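K.L.:
In case you want the letters, here they are:
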Amino acid sequence: MAGAAPEQFDLTARRFHQWGVILLTAIAFVLDGTNGGALMIAIGLIMVVGRFRDEADLIRSFYQNVLRPRGVLRADWAVEDRATRRVARVLGGAAQIAGGALLLVGGYGAIAWGLIGLITAMIALDALFSFCALCFVVHQFQRQAASA
Amino acid sequence: MTGLPAELERVVIVALVAALFVAASLGVRTWVRRATDSRLGRVLAHPVRLDDPTLPTIIYFFGQRCGACSAQRAELSLLPGNARANVVAVDAHESADLAGWAGVLTVPSTAVIDPRRRLLAVNHGFVPATTLVSQIRLSA
Chain A
5 MAGAAPEQFD LTARRFHQWG VILLTAIAFV LDGTNGGALM IAIGLIMVVG RFRDEADLIR
65 SFYQNVLRPR GVLRADWAVE DRATRRVARV LGGAAQIAGG ALLLVGGYGA IAWGLIGLIT
125 AMIALDALFS FCALCFVVHQ FQRQAASA
Chain B
1144 MTGLPAELER VVIVALVAAL FVAASLGVRT WVRRATDSRL GRVLAHPVRL DDPTLPTIIY
1204 FFGQRCGACS AQRAELSLLP GNARANVVAV DAHESADLAG WAGVLTVPST AVIDPRRRLL
1264 AVNHGFVPAT TLVSQIRLSA
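First to last, the sequence lines map onto chains A and B.
Take 5 as the starting number for the first sequence in the numbering used here and just add one per residue.
Take 1144 as the starting number for the second sequence in the numbering used here and just add one per residue.
Careful: at least some of the hints might be erroneous.
[Claimed, not checked] Covered stretches of chain B (chain A as the covering partner; in silico rule of three or more C-beta atoms under 8 Å from a C-beta of chain A):
(1) 1152-1163
(2) 1184-1190
(3) 1198-1212
(4) 1248-1261
[Unchecked claim] What follows is a list of derived Cβ distance ranges for each label pair:
(5) Val1171/B - Ser151/A: 33 to 39 Å
(6) Trp81/A - Ala1161/B: 34 to 40 Å
(7) Arg1280/B - Gln12/A: 21 to 27 Å
(8) Asp1194/B - Ala60/A: 44 to 50 Å
(9) Val1171/B - Asn69/A: 22 to 28 Å
(10) Gly1224/B - Ala150/A: 32 to 38 Å
(11) Ala1161/B - Arg74/A: 26 to 32 Å
(12) Arg74/A - Asp1195/B: 48 to 54 Å
(13) Arg1192/B - Ala105/A: 50 to 56 Å
(14) Gln1207/B - Ser65/A: 34 to 40 Å
(15) Ser1220/B - Gly37/A: 29 to 35 Å
(16) Arg90/A - Asp1195/B: 34 to 40 Å
(17) Leu62/A - Glu1237/B: 42 to 48 Å
(18) Ala105/A - Val1171/B: 31 to 37 Å
FYI, nobody ran anything at the bench for these hints, they're computed from the structure.
Quantities reported herein were computed from a predicted structural model and do not represent experimental measurements.
Heads up, the beta-carbon is just placed ideally off N, CA and C, and yes, glycines get one too.
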């Protein structure tokens, strides 16, 4: 059963990114309107573009270039599933951009914050408990479909 | 200053939502842990083919179109040689009875059973090999 050592990831970097997104989303909610919408689009872009280019993730870069070298936060290396989180990150970022666009347009605040709130809850579940909400929802949906 | 009360109101909403979310999450987590603990010790009655019945077994539940499942499968293939255990891969949807016996809530999930086919541990979601190794040792 022996093989190559599995790839490890810095869990602190992932959690710092997630809490950063949650904090910025809360600020966007307080600002609301066009300012809140513009901030949500910026957060969504960080999520989506940062999935493909690490340097575009400003939150993670702040941790890696400022906080970790100065010893404010320590790296926590561990094996974890990254493939699903990457998919979820793109989906979540797209939803945040869509929500931000709805806020910019105006008149769709409830829909926009409902959508953004759902994504934020999923991010918080992963940050708090490393729970993949997307995996849970897909499994439960397939189970219900199979039993129907 | 005219906008301040509205902003303060939204700050209060954020604080309340955050508190409710954390409380609900902790409640669900406790419920899942209790539900899982209540299953431990149950004997596996379902027919499962084992390479070596004298060893503990990891039942790996996977699903179709599950990104994390490929990562879990890769992790299982990296179990150290001294972690002697049978590894059985089961489609959670095709074997719904077996998944129900283990209380599987999501995929991937893993269940560890001892050589007497008693349930020792259930992991909901991806777990690293180190966790599985420590659970296999519970059967020793």
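K.L.:
Just tell me: holds or violated, for the beta carbon distance of Ala1161/B and Arg74/A against 26 to 32 Å?
P.N.:
holds, 28 Å
K.L.:
Between Asp1194/B and Ala60/A, does the beta-carbon spacing fit 44 to 50 Å?
P.N.:
Once the Cβ atoms are compared, 47 Å apart, the range 44 to 50 Å for Ala60/A and Asp1194/B holds.
K.L.:
Confirm or reject the claim that Leu62/A and Glu1237/B have a C-beta distance inside 42 to 48 Å.
P.N.:
Roughly 44 Å apart at Cβ, these two residues keep to the hinted range, so it holds.
K.L.:
Could one say that the CB atoms of Trp81/A and Ala1161/B fall in the range 34 to 40 Å?
P.N.:
Violated, since Trp81/A and Ala1161/B (Cβ atoms, about 29 Å apart) do not stay within the stated range.
K.L.:
Should the hint that Val1171/B and Asn69/A are 22 to 28 Å apart at their CB atoms be regarded as holding?
P.N.:
violated, 36 Å
K.L.:
Just tell me: holds or violated, for the beta carbon distance of Ala105/A and Val1171/B against 31 to 37 Å?
P.N.:
Check passed, 32 Å falls within 31 to 37 Å.
K.L.:
Determine whether the Cβ-Cβ distance between Arg90/A and Asp1195/B falls within the hinted range of 34 to 40 Å.
P.N.:
At 37 Å between Cβs, range holds.
K.L.:
Could one say that the CB atoms of Arg74/A and Asp1195/B fall in the range 48 to 54 Å?
P.N.:
The hinted range 48 to 54 Å holds for Arg74/A and Asp1195/B, with Cβ atoms some 52 Å apart.
K.L.:
Establish whether the coverage given for the region 1198-1212 of chain B by chain A is satisfied; the threshold is a Cβ-Cβ distance below 8 Å, and no fewer than three residues must meet it.
P.N.:
holds (count 6)
K.L.:
Between Gly1224/B and Ala150/A, does the C-beta distance stay in 32 to 38 Å?
P.N.:
holds, 37 Å
K.L.:
Closer than 8 Å Cβ to Cβ for three or more residues is the test here. Does the region 1248-1261 of chain B pass it with chain A?
P.N.:
holds (count 4)
K.L.:
Determine whether the Cβ-Cβ distance between Val1171/B and Ser151/A falls within the hinted range of 33 to 39 Å.
P.N.:
With a Cβ separation near 22 Å, Val1171/B and Ser151/A fall outside 33 to 39 Å, so the hint is violated.
Checked against the numbered hints above, the structure violates hints 2, 5, 6, 9, 15; every other hint is satisfied.
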